Amino acid sequence: MNPVYIAGAGMTCFGRSEWPLMQLASVASLAALKHANLGDIPVDGVVVANMGAARVNKQTALGSALVDQLALYPAAAESVENGPASGASAVKVGFQAIASGMADVVLVTGVERMRVVNGLEGTDFVASLSHPVAEYIYGVTLPSLAGMFARLVMDKFGVERKHLAMVAIKNHANGAKNPYAHIQQTVTMEGILTLPEAAVNNPPIAEPLHMFDCCPVSDGAASVVLVSEAVAAKLGGPKVRIAGIGQATDTHAVHEREDPTDLKAVRIAAAKAFDRAGLKPGDVDVAELHDAFTILEIAESEASGFFPRGEGHKALERGETQLDGSLPINPSGGLKAKGHPVGATGVAQLVELTWQLRGECAARQVKDAKVAYACNFGGFGNNVVASVLQREA
Amino acid sequence: MSNNVYGMKCSSCGTVSYPKHAVCPKCRNEKFEDVVIGGEGKVLTYTDAYALAIEYETRFLRLAIVELDDGIRVTGQLLADTPKMGMRVKTTIGTVRENGETAIQGLQFVSA
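Chains as they are written, first to last, in the working numbering: chain A, 1 to 393; chain B, 1001 to 1112.
Don't read these hints as lab results, they were simulated from the structure.
Take these hints with a grain of salt, some might be off.
These stretches of chain A come out as covered by chain B in the derived footprint (C-beta under 8 Å, 3 or more residues) [claimed, not checked]:
1. 17 to 26
2. 112 to 125
3. 204 to 218
4. 226 to 239
Every value quoted in this text rests on a predicted model; they were computed, and no experiment measured them.
The C-beta atom is built at its ideal place from N, Cα and C for all residues, glycine as well.
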């Protein structure tokens, strides 16, 4: 495989947006293209990641639509729908195009505009990724799968609600330093857990998970410009290489997994990504994990190989995953505070990590970051894409 | 058509799977017979879900994964007032969702 570099990264602010779908996608794309500073080097391909536009925005064929917005004809174009892992899947498609020699420059943009429908319709659209006969018909939603998962993990490993709150507090503190984050507000243990008012501030969503254990529903877009080695050399500047991508799947219905607390697809995807990169979890300086629910950050930190099974919450408690810890997790604020425009999320994780590796993150910069890791968690863990990025000189 | 919930039993290795797949997940055989899923078991985990999809008008929905005594696991609605992990339940069939005029039948769990 030929080496693939991320030459530029950009995004819109996440949150509730009045912009139409394609404006979100265009603004992020133009920011990434400007960041890459391609000059007259042509874009060979465009890949758009999205989950719900066909349903909530009544628009399809987003790849073609984005080429048209950006007047990039006759660039190749496609759309990738892979649930909440759409973003990293789309990056994988662009990566493969360059690694195989079919393309030199590919723009990958993830976009979602889901606040246009009400909360119930939005929840239902995401719930449609669950098993139609064995889960969905019962009223299963993503928060409810996360709630049932959390109860099992908490029982098995002694994780408490205070640990979940620690994830929220950390990620909100990081998000408050990220001008692109949906929620830029810090929260305290008292306010969301220990004071009597916490019962009002932080109502249950899917017991044992409460509001501050769940990411917000966001609109937004994120883009990266992928280039070949030859183009990267021409561009000069900081070089961030996609050192390895790994992907794995698991059973559609969560109840069918031998051990429903084991995020097997995360384990396998991470191991593949590290193997391809020739690196180990211990080499990672900064990570973005898919904390759609606080419990997932803890579980993914273990399944990705950073901490032994059942000990992620202990590392969290020791402060190891804070911005100034030995392995900062979710410096962007994560899905929890940065927001979760579903199709954009996997791309946005790599946008943050590219900026981190280039030293462009200002107040939330992780010092001397050279190796970065992202986990984009699709379905409820039935389709996971893990990526390892490395800064070259 | 009966209201039962069905899984599949592989005609080659005998593995029972729920939900159904196009091949046996254990041995990849493509021949199987329907088996009725249900009986007694214990609650593996549960949640009270407040963020619901469009068709529900209740305040929250109590959902559970139950491990049946034959080893099969199922997801469904838990109709117990004081849920606990490990509690004994048995399956019944009831309306689990209403889609316009259509009442969708599925697994519910009551105290055994």
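Hints versus structure:
1. 17 to 26: Violated - the region 17 to 26 of chain A has 0 residues with a Cβ nearer than 8 Å to chain B, which falls short of three.
2. 112 to 125: The restraint on the region 112 to 125 of chain A holds, since 5 of its residues have a Cβ under 8 Å from chain B and three suffice.
3. 204 to 218: Held - the region 204 to 218 of chain A has 7 residues with a Cβ nearer than 8 Å to chain B, which meets the minimum of three.
4. 226 to 239: Not satisfied, violated; 0 residues make the cut.
Violated hints, listed in ascending order, are 1 and 4; each of the other numbered hints is respected by the structure.
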